[in-house]
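Colleague: Sequence:
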Amino acid sequence: LGAQVDRLEHSLQTATRALRSGADEEMVVCALLHDIGDNLAPYNHGQVAAAILRPYVSPENAWMIENHEVFQGYYFNNFIGQDRNERDKFKEHPAFEQTIIFCDRWDQLSFDPNYDTLSISCFRPMLESIFSREPRL
22 LGAQVDRLEH
32 SLQTATRALR
42 SGADEEMVVC
52 ALLHDIGDNL
62 APYNHGQVAA
72 AILRPYVSPE
82 NAWMIENHEV
92 FQGYYFNNFI
102 GQDRNERDKF
112 KEHPAFEQTI
122 IFCDRWDQLS
132 FDPNYDTLSI
142 SCFRPMLESI
152 FSREPRL
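Counting from 22, one number per residue, gives the positions in the sequence shown under our numbering.
Calculated from the structure, these hints are not laboratory results. Misleading hints may appear alongside valid ones.
[Unchecked claim] Cβ pair distances, simulated, as ranges:
1. N106 - Y64: 16 to 22 Å
2. N106 - E149: 34 to 40 Å
3. S150 - F100: 36 to 42 Å
4. D109 - S153: 23 to 29 Å
As the structure is a prediction and not an experimental result, all values here were calculated from the model. Ideal Cβ placement from N, Cα and C applies to all residues, glycine included.
Turn these sequences into a full structure, and let the hints guide you.
Modeller: See the structure below:
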């Protein structure tokens, strides 16, 4: 990541922030697993994570996870010669604002080595609840 926290800590921080903000269980699980494909597919990890989550979460949450990489570009694309507003191509999508909130309030902030992050065990009941759902095809 080029940050002061590893992927696990980043994911736990993102989920902790979502939980502390009052997000529902499904959103917290999405926050926890949003980067799950990053090691295997660094250039399309959102698609990998969405493929795993899609049968168990709402279409809006699956879309958010699939596209969060584009939305994260708002924070750094201008430093690498790319359009920081690339996300605007999705302005008409019903999950556009939700994805901005996800990135702005939770994902982007979750690289803080001093943040009081909850342990993975705190999220286990939520993971079990979401993944015990009947998968949608």
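Colleague: Hints first: check each against the structure and report whether it holds.
Modeller: We went through each hint and held it up to the structure:
A hinted range of 16 to 22 Å holds for the C-beta pair N106 and Y64, which are about 20 Å apart. A hinted range of 34 to 40 Å holds for the C-beta pair N106 and E149, which are about 39 Å apart. For S150 and F100, the hinted distance range of 36 to 42 Å is satisfied, since their beta carbons lie about 39 Å from each other. Take D109 and S153: their Cβ atoms lie about 38 Å apart, and the range 23 to 29 Å is violated.
Of the hints listed earlier, the one the structure fails to meet is number 4.
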